[in-house]
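Protein sequences, first through last, are from chains A and B. So for the first sequence, UniProt numbering puts the first residue at 1; every next one is plus one. So for the second sequence, UniProt numbering puts the first residue at 1; every next one is plus one.
These aren't lab readings, by the way, just hints derived from the structure by calculation. Careful: at least some of the hints might be erroneous.
For identical chains, the list gives no copy identity; a pair is met inside one copy or between any two copies.
List of simulated lysine to aspartate or glutamate pairs, EDC-like, C-alpha gap at most 20 angstroms [claimed, not checked]:
#	residue 1	residue 2
1	Lys115	Glu26
2	Lys28	Asp53
3	Lys115	Asp90
4	Lys234	Asp247
5	Lys115	Glu131
6	Lys115	Asp76
7	Lys201	Asp179
8	Lys497	Glu471
9	Lys443	Glu390
10	Lys17	Glu61
So you can see what is in the structure, the chains are spelled out below.
There are 2 protein chains.
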Amino acid sequence: MPPKAKESKGKGMVNLKVPKGTKDWEGKDMVIRDKIFNTITDVFKRHGAVTIDTPVFELREVLTGKYGEDSKLIYDLADQGGEICSLRYDLTVPFARWLAMNPSIQSIKRYHIAKVYRRDQPAMTKGRMREFYQCDFDIAGVYDPMLPDAEILRITTEVLDGLNLGSYTIKINHRQILDGLFQICGVPTDKIRAISSAVDKLDKSPWEDVRKEMTEEKGLDPAVADKIGEYVIKKGGRDLLDELLKDETLTSNTAFASGLKDMGLLFDYLEILNVMPKLSFDLSLARGLDYYTGIIYEIVTEASAPPAGKGHRSKKPPRPIDPNDPDADRSNDDSIGIGSIAAGGRYDELVGMFANSAKGRVPCVGISFGVDRIFSIARAKMLEEIRGNEVDVFVMAFGGKGFTGLVKERMEVCRMLWDAGVKAEFSHKVKPKLPQQFASAEKNGVPFAVVLGEDEMKEGKVKIKEMGLPEGHAEKNGVDVELAKLVEEIKRRISAKNTRELGALVEDVAKVVLDDVKQDPTKE
Amino acid sequence: MPPKAKESKGKGMVNLKVPKGTKDWEGKDMVIRDKIFNTITDVFKRHGAVTIDTPVFELREVLTGKYGEDSKLIYDLADQGGEICSLRYDLTVPFARWLAMNPSIQSIKRYHIAKVYRRDQPAMTKGRMREFYQCDFDIAGVYDPMLPDAEILRITTEVLDGLNLGSYTIKINHRQILDGLFQICGVPTDKIRAISSAVDKLDKSPWEDVRKEMTEEKGLDPAVADKIGEYVIKKGGRDLLDELLKDETLTSNTAFASGLKDMGLLFDYLEILNVMPKLSFDLSLARGLDYYTGIIYEIVTEASAPPAGKGHRSKKPPRPIDPNDPDADRSNDDSIGIGSIAAGGRYDELVGMFANSAKGRVPCVGISFGVDRIFSIARAKMLEEIRGNEVDVFVMAFGGKGFTGLVKERMEVCRMLWDAGVKAEFSHKVKPKLPQQFASAEKNGVPFAVVLGEDEMKEGKVKIKEMGLPEGHAEKNGVDVELAKLVEEIKRRISAKNTRELGALVEDVAKVVLDDVKQDPTKE
Numbered sequence: 001m002p003p004k005a006k007e008s009k010g011k012g013m014v015n016l017k018v019p020k021g022t023k024d025w026e027g028k029d030m031v032i033r034d035k036i037f038n039t040i041t042d043v044f045k046r047h048g049a050v051t052i053d054t055p056v057f058e059l060r061e062v063l064t065g066k067y068g069e070d071s072k073l074i075y076d077l078a079d080q081g082g083e084i085c086s087l088r089y090d091l092t093v094p095f096a097r098w099l100a101m102n103p104s105i106q107s108i109k110r111y112h113i114a115k116v117y118r119r120d121q122p123a124m125t126k127g128r129m130r131e132f133y134q135c136d137f138d139i140a141g142v143y144d145p146m147l148p149d150a151e152i153l154r155i156t157t158e159v160l161d162g163l164n165l166g167s168y169t170i171k172i173n174h175r176q177i178l179d180g181l182f183q184i185c186g187v188p189t190d191k192i193r194a195i196s197s198a199v200d201k202l203d204k205s206p207w208e209d210v211r212k213e214m215t216e217e218k219g220l221d222p223a224v225a226d227k228i229g230e231y232v233i234k235k236g237g238r239d240l241l242d243e244l245l246k247d248e249t250l251t252s253n254t255a256f257a258s259g260l261k262d263m264g265l266l267f268d269y270l271e272i273l274n275v276m277p278k279l280s281f282d283l284s285l286a287r288g289l290d291y292y293t294g295i296i297y298e299i300v301t302e303a304s305a306p307p308a309g310k311g312h313r314s315k316k317p318p319r320p321i322d323p324n325d326p327d328a329d330r331s332n333d334d335s336i337g338i339g340s341i342a343a344g345g346r347y348d349e350l351v352g353m354f355a356n357s358a359k360g361r362v363p364c365v366g367i368s369f370g371v372d373r374i375f376s377i378a379r380a381k382m383l384e385e386i387r388g389n390e391v392d393v394f395v396m397a398f399g400g401k402g403f404t405g406l407v408k409e410r411m412e413v414c415r416m417l418w419d420a421g422v423k424a425e426f427s428h429k430v431k432p433k434l435p436q437q438f439a440s441a442e443k444n445g446v447p448f449a450v451v452l453g454e455d456e457m458k459e460g461k462v463k464i465k466e467m468g469l470p471e472g473h474a475e476k477n478g479v480d481v482e483l484a485k486l487v488e489e490i491k492r493r494i495s496a497k498n499t500r501e502l503g504a505l506v507e508d509v510a511k512v513v514l515d516d517v518k519q520d521p522t523k524e
Numbered sequence: 001m002p003p004k005a006k007e008s009k010g011k012g013m014v015n016l017k018v019p020k021g022t023k024d025w026e027g028k029d030m031v032i033r034d035k036i037f038n039t040i041t042d043v044f045k046r047h048g049a050v051t052i053d054t055p056v057f058e059l060r061e062v063l064t065g066k067y068g069e070d071s072k073l074i075y076d077l078a079d080q081g082g083e084i085c086s087l088r089y090d091l092t093v094p095f096a097r098w099l100a101m102n103p104s105i106q107s108i109k110r111y112h113i114a115k116v117y118r119r120d121q122p123a124m125t126k127g128r129m130r131e132f133y134q135c136d137f138d139i140a141g142v143y144d145p146m147l148p149d150a151e152i153l154r155i156t157t158e159v160l161d162g163l164n165l166g167s168y169t170i171k172i173n174h175r176q177i178l179d180g181l182f183q184i185c186g187v188p189t190d191k192i193r194a195i196s197s198a199v200d201k202l203d204k205s206p207w208e209d210v211r212k213e214m215t216e217e218k219g220l221d222p223a224v225a226d227k228i229g230e231y232v233i234k235k236g237g238r239d240l241l242d243e244l245l246k247d248e249t250l251t252s253n254t255a256f257a258s259g260l261k262d263m264g265l266l267f268d269y270l271e272i273l274n275v276m277p278k279l280s281f282d283l284s285l286a287r288g289l290d291y292y293t294g295i296i297y298e299i300v301t302e303a304s305a306p307p308a309g310k311g312h313r314s315k316k317p318p319r320p321i322d323p324n325d326p327d328a329d330r331s332n333d334d335s336i337g338i339g340s341i342a343a344g345g346r347y348d349e350l351v352g353m354f355a356n357s358a359k360g361r362v363p364c365v366g367i368s369f370g371v372d373r374i375f376s377i378a379r380a381k382m383l384e385e386i387r388g389n390e391v392d393v394f395v396m397a398f399g400g401k402g403f404t405g406l407v408k409e410r411m412e413v414c415r416m417l418w419d420a421g422v423k424a425e426f427s428h429k430v431k432p433k434l435p436q437q438f439a440s441a442e443k444n445g446v447p448f449a450v451v452l453g454e455d456e457m458k459e460g461k462v463k464i465k466e467m468g469l470p471e472g473h474a475e476k477n478g479v480d481v482e483l484a485k486l487v488e489e490i491k492r493r494i495s496a497k498n499t500r501e502l503g504a505l506v507e508d509v510a511k512v513v514l515d516d517v518k519q520d521p522t523k524e
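Sequences and hints are given; from them, build the entire structure.
Structure below.
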């Protein structure tokens, strides 16, 4: 979706456009977006989550000191007297503020799908905007280790499977494993966060570049960097965990050992929840944000992977970002990272930053889905299935010379249908032409027409016509029904059509499975 | 809902509150709000409407010159370089901007439910906020007279009946009738809008006060005011229309006659759509906004009516507004008017203000539902029916001495339920106590418990317990089922419980009808 060039400015007229980095959501895009939100929300509710909704702006002091360098991207409201406010930058800080304000709530599973605001250089072709949606799910509360963490990852698989985005990988690591590793390799304590953020770039830069950043920019001893390099390329599943557990140099470090213990327990739980097949324990995953304290994760799909030439193993250096190019890819300062469609982790200290007593410290673990990126991936596939509106019946009329238009009769029939909860429309012209009425119905893919004719009406009859029937079909020209039975008959037909389409779908799936079995008779 | 006093400020801590005039939506309020939105959205979709979503801020010039004096209430974004923007003030101007930007869209039924922003003095106890929801439905496009207008009013009745808000009245009038009336009575052209806005106050001020405003403040000839007074007290249905049609002084005025003609046609259509019983043709209805050009309407319910002492017929003057009192009732500058829950009308010129050619002129008719006020009315009634979350099954465990907590087994059972789409939860404690697990389930009104015991698990069995069964019920202590049949059995029971509740409801209704028939045997 390239940005639209629909600007125009007439004599003394206003600049007819939306602000830079924002867009109007309309038409089928809007329907697809809602379907994505509904799929995600259904999963959250299946796990007992509830939603909260916070104001679009917060007191500026609530946001201050939470986003490091990125604070310069916060949108401020003008000072028009009264409180100083800013638009929210994400949904996590408002959630932490809400938890701190409501100390009686000691535990909650909450989701929040809403727009956030960043004064970034928009690269709209990459799906990055100044106003964009975030979709967050978090579990707050004091629980036994790794139980909420495991459920969050299960929820993640249910969401991604439900959205039908194709294959994906959950990259996982642990802040304590990473910090322990840096200690073991000899990184000075004051350099740990800086080195960690360099390691995080390994998903889009080759090791040589990252090493250079560590040693030249950040002044790390090259021997220490090389030692780090031995470990951070490792990835795997339980095999990697077992390998690390055998290394006594590593396990003698308290942080590292504690992180490994968490990871082992988490793997046990994820086995039961059938999440392990999706997992990649990846020692290079570091995540940019400072506030994570435990496990961290990021979900990548093939469709969302960075373009060739920027990959982990590539020798080609990434194109440097031109600060004057508004379309340069700045995805790396996005909160979910390049090529990923969701990310999160455990943050046990954030709520405590707002609270004024130890009681106010609420441990949390959460995930944020990049819904705009998910939208870009899902759009092409969903576009075919989507209708312009949800109407099931278009009520129309036709007649010969002296045709009155039957507007009151069309209205009467619509009233009957609406009363029965049937989605129906009629033309707002008194004497509409029949082809125009059919065109309106076709434009939105309305499946049924009810056609009123003057002669038929006198006999108390109307015609039901299913749209799009093939030539030669017995009902191609419609069937007459008594007006008194119309509602009942149309409901029966809508339901039958839905069942028929479901049946055809089941048949298609069955055919694929059968073909599969034929090719490999050992399969059940 | 009085505003919460949950502020606190510790040592060096931030001011822990939301900005003035905003609120967090949480808990059951959030569930009720969503139910209201869903009910409304279902009606809109039944009529073929689609939704669009515009940015929360617009270029400031888009909003300039649209709201008259109220422009001072617009929230501006700070000038941080780049475009100058403001938060949207309503949903109508962004819709008009969008129509002007998309000239290929010549007709649309669109709805939009979203927050708007006004730097008003909040009177939170009255349900008025600085950040609040609007819910707009509009039909844009060139159609035959009164057809979209009639459908909008039909939609209004479906929404209000669907929300079950009790009895309500649709007050209706026509800008041309009103303007014609003022011409006939001798109001100078340059005073028409000012006199119109004085007349609009008749729903909360007695005629004497309105007359005083006209003559003393606005310099109208007292004889002219008295002539107006004869007409604007009139209200009725088709009887009033017939009465006005007979008055040749009135019908000789072009504007008045044209308005009456519209109204007559509209009544014909509303008869068919079964809306007439709700209608009150009210010559005192004027509506504040300047941009209306045709019929105008406002919906009042008993529950939303202004308090006694402020009514139309009252002799007691209204309490003057103290500009320093943040809680003073300023509902009269609200876009939907005091005591009303929805309002709207036809505005044929607004889109043209943005367009730079005659082709860009798109006539529109619409309605805005005051969802915050509807929320206040519906809340008490809905609160009883609402559960804390939507979970149907709480999976729990118990055991005697040496109880392990069965956490993996509880997780396994949840996985089975989630896989089958059943909404389920388990405690995130490794060894939770049974009473605590039941308390968690009860808190959210979860209808079923699945209880795992170590002995039962060995036999491959679990217990299903329906919550809240009366003492002595055969299944009060639950029933054992095979684990392999759990999912099937629990789905059957959830569905049976829902049917049972529906059955009980039908029985209740049937009883009322039967009692009614017994008292009056002539009824069918």
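Quick one: which hint numbers does this structure break? Sort them smallest to largest.
When the structure is compared with the hints, none of them turns out to be violated.
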